[in-house]
Amino acid sequence: MENNQDKLLGEVTSGEYKYGFVTDIETDVIPKGLSEDVVRLISAKKEEPEWLLEFRLKAFRRWQTMKMPEWAHLNIPEIDYQDIIYYAAPKQKKGPDSLSDVDPELLKTFDKLGIPLEEQKRLTGVAVDAVMDSVSVKTTFRETLAEMGIIFCSFSEAVKEHPTLVQKYLASVVPYSDNFFAALNSAVFSDGSFCYIPKGVRCPMELSTYFRINASNTGQFERTLLIADEESYVSYLEGCTAPMRDENQLHAAVVEIVAERGAEVKYSTVQNWYPGDKEGKGGIFNFVTKRGICKGDDSRISWTQVETGSAITWKYPSCILRGNNSVGEFYSVAVTNNRQQADTGTKMIHIGSNTKSTIVSKGISAGFSQNSYRGLVKVLGKAEGARNFSQCDSLLLGDRCGAHTFPYIEVDNPSAIVEHEATTSRIGEDQIFYCNQRGISTEDAIGLIVNGYAREVINKLPMEFAVEAQKLLQISLEGSVG
Amino acid sequence: MQTDFLLQIKDLKASIDNKEILKGLNLEVKHGEIHAIMGPNGSGKSTLANVLTGREIATVTAGTVTYEGKNLLEMSPEERAREGIFLSFQYPIEIPGVSMVNFMKTAINEQRKYRGLEPLSASDFLRLMREKKELVEIDSALTNRSVNEGFSGGEKKKNEIFQMAMLEPRLALLDETDSGLDIDALRIVANGVNKIRRPDTSVIVITHYQRLLDYIVPDYVHVLYDGRIVRSAGPELALELEERGYDWIRKDADLSEETWTTDRK
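Residue numbers (our numbering), protein chains in the order written: chain A, 576 to 1057; chain B, 552 to 816.
Quick caveat, the hints were computed from the structure, so don't treat them as lab data.
For clarity, every value in this text was computed on a predicted model and none was experimentally measured.
Beta carbons are placed, not taken as given, at the ideal position from N, Cα and C, and that holds for glycine.
Be aware that one or more of the hints could be misleading.
[To be verified] Ranges of calculated distance between the beta carbons of each label pair, as one might list FRET restraints:
id: 1; chain 1: B; residue 1: Gly705; chain 2: A; residue 2: Thr999; range: 51 to 59 Å
id: 2; chain 1: A; residue 1: Pro1037; chain 2: B; residue 2: Gly705; range: 20 to 28 Å
id: 3; chain 1: A; residue 1: Asp1005; chain 2: B; residue 2: Asp735; range: 23 to 31 Å
id: 4; chain 1: A; residue 1: Thr933; chain 2: B; residue 2: Asn577; range: 58 to 66 Å
id: 5; chain 1: A; residue 1: Asp974; chain 2: B; residue 2: Pro670; range: 29 to 37 Å
id: 6; chain 1: A; residue 1: Arg1001; chain 2: B; residue 2: Leu624; range: 23 to 31 Å
id: 7; chain 1: A; residue 1: Trp646; chain 2: B; residue 2: Lys574; range: 30 to 38 Å
[What the hints assert, rightly or not] Mimicking DSSO-like on lysine-lysine, the simulated pairs with C-alpha atoms at most 30 Å apart in a straight line are:
id: 8; chain 1: B; residue 1: Lys684; chain 2: B; residue 2: Lys746
id: 9; chain 1: B; residue 1: Lys746; chain 2: A; residue 2: Lys1046
id: 10; chain 1: A; residue 1: Lys621; chain 2: A; residue 2: Lys743
id: 11; chain 1: B; residue 1: Lys656; chain 2: A; residue 2: Lys1035
id: 12; chain 1: A; residue 1: Lys633; chain 2: A; residue 2: Lys743
id: 13; chain 1: B; residue 1: Lys746; chain 2: B; residue 2: Lys621
id: 14; chain 1: A; residue 1: Lys1046; chain 2: B; residue 2: Lys621
id: 15; chain 1: B; residue 1: Lys656; chain 2: B; residue 2: Lys621
id: 16; chain 1: B; residue 1: Lys656; chain 2: B; residue 2: Lys561
[What the hints assert, rightly or not] Per the computed footprint, the stretches of chain B lying under chain A, defined by three or more beta-carbons under 8 Å from a beta-carbon of chain A, are:
id: 17; stretch: 619-630
id: 18; stretch: 636-643
id: 19; stretch: 661-673
Please work from the sequences and hints to get the whole structure.
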């Protein structure tokens, strides 16, 4: 029977990574390696104020004393941090004020990725900050948003134009000393998105950042800071792709979210970094620290992620529920195929009273991949009436992959209610046969079944991206068992 | 070459985990005929359904199966379905999160593609759904849910017949469709089959009991015992079985074992 299933799944033809092309564009790169001088050089290139350089240097010094975390269920090859380029920028005129200043090659690249930067071509209701390697290429709809007092721009611009806001909130959720990769990011981060929604404003469109790695041998270290002031609302989406290359590339991002009283932030990610080839050669190492704080009462942060890419994923989008009655949510679909490894999950830290958190994690493993859920639910002593519900499901395709669940529950308040449900299932041969018997091919059957399994999470994505995510799930699992 | 045969099974032998279940089965079904296959538990009824639909639980070790003049055993399960073979499952499978609408639309359009037809438009598809739902008296709410998820036994069987109505097969295999149905559900399901059936649709009814055959009246009744068809007759055989059980067949078959093997040679 085992063999039968493998055969069934093996019949599915091999899938290609669609975004593996390289843009031929002149790039400003600095020499390989990391030192204080490199940190200073990056800061100088970005013409940063003294305080930010100091922040970077403190982070760098701290990083030098730190070790790579080894607790994850991941087999990470040794990374030579001196063999990485820490800054690469497509050459273009400084600060493109209009689209006509942007290199047509760059526009073509984003067009090809399905992210046209001409505002009239965009889906209405989505503003995009496009980041290639270390710099932001273009942010759309800035003026429209500015009329409502919303700031949506690249991180570098925010440093120049809104230094007080940046200084107030930078590293307020993820301190530079938080962990090895956060420290590294704090030292060398290049660009990313900055977003501020003023009091009482409901952001009228989806804000999104699209990250593209293009240059070879470079790391991408972006920094995103999202602030939702009192009673505001924003839905934010992040997408990412990279060329197919034989060597691994490092991506270590930091995302911080601050939700003030009564604010609501929805943060959705469709992660599709190059996963490496079938034998596990190449692919992105994705070490990301994402954390939000529900700072004020009645605030809400919701993470939704569809993770299909990267050779290695190490990522735990978390919520600190400090405000009373605040709500944290984490909805995740993580797919691993071939030799991919993922160790992903969340942390819900209940500090305020009557705080609530929901965790829905759907892992799908195929091929020789390893897929782990790691989650912490922590209820502090003062979190009267805290509630958590966690559901962690794993779906296995074939018998050479692994699914693991590592739940950590720490409760210091007796009134808390914490529930954890977990299931592990195999994609049923009987389900596939049932589809076959109605005329549906095995490949399409797997697509249907997997999308059905992940539906609860996909439904949380903004409409336009849900369709994309569904297709992505199917493509990622093509050739699931060789 | 006989062309009025839809299905010809000759000397079919099949095993599960090296245990021979079908031991030389012969059956011929013409266009538009209804055949009932009856037999005690473990006689090979479900294995026959598995072999005909290409489920890899059973391994065919000898014999041939010809469908519309083609070698059926060479076709993949989905090809057989697209060629018009439909199985109403004894235990319909649940597919959580996949809506009936999405499932049926995928199935119909795959089959249409195979026949060189354009996919149905959304409105045509929904009209077809509505029409067939009425035909088989299935509750509208069921088709808005995930495939078989949380359906009662009776609802699952109705849902099978609804799918049969949507897909309009040339050969329908009803595997123990009557099991787990109360008399009202049985009537609805059986009437559904009768309404769906076009003059050239052939049906093989696999059943343990006679009661379904009150509604779906067979042209032939075959008794499957120990991997072979040991007796074939008209619908009156079903009534006889109902009355006398399978024991007399068993005795008969066991006694005539020698005769059967020599007859075959």
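Hint check:
no.	hint	in the structure
1	B/Gly705 - A/Thr999: 51 to 59 Å	31 Å, violated
2	A/Pro1037 - B/Gly705: 20 to 28 Å	40 Å, violated
3	A/Asp1005 - B/Asp735: 23 to 31 Å	29 Å, holds
4	A/Thr933 - B/Asn577: 58 to 66 Å	60 Å, holds
5	A/Asp974 - B/Pro670: 29 to 37 Å	35 Å, holds
6	A/Arg1001 - B/Leu624: 23 to 31 Å	27 Å, holds
7	A/Trp646 - B/Lys574: 30 to 38 Å	59 Å, violated
8	B/Lys684 - B/Lys746	12 Å, holds
9	B/Lys746 - A/Lys1046	38 Å, violated
10	A/Lys621 - A/Lys743	20 Å, holds
11	B/Lys656 - A/Lys1035	24 Å, holds
12	A/Lys633 - A/Lys743	17 Å, holds
13	B/Lys746 - B/Lys621	28 Å, holds
14	A/Lys1046 - B/Lys621	36 Å, violated
15	B/Lys656 - B/Lys621	28 Å, holds
16	B/Lys656 - B/Lys561	36 Å, violated
17	619-630	holds (count 3)
18	636-643	holds (count 4)
19	661-673	holds (count 3)
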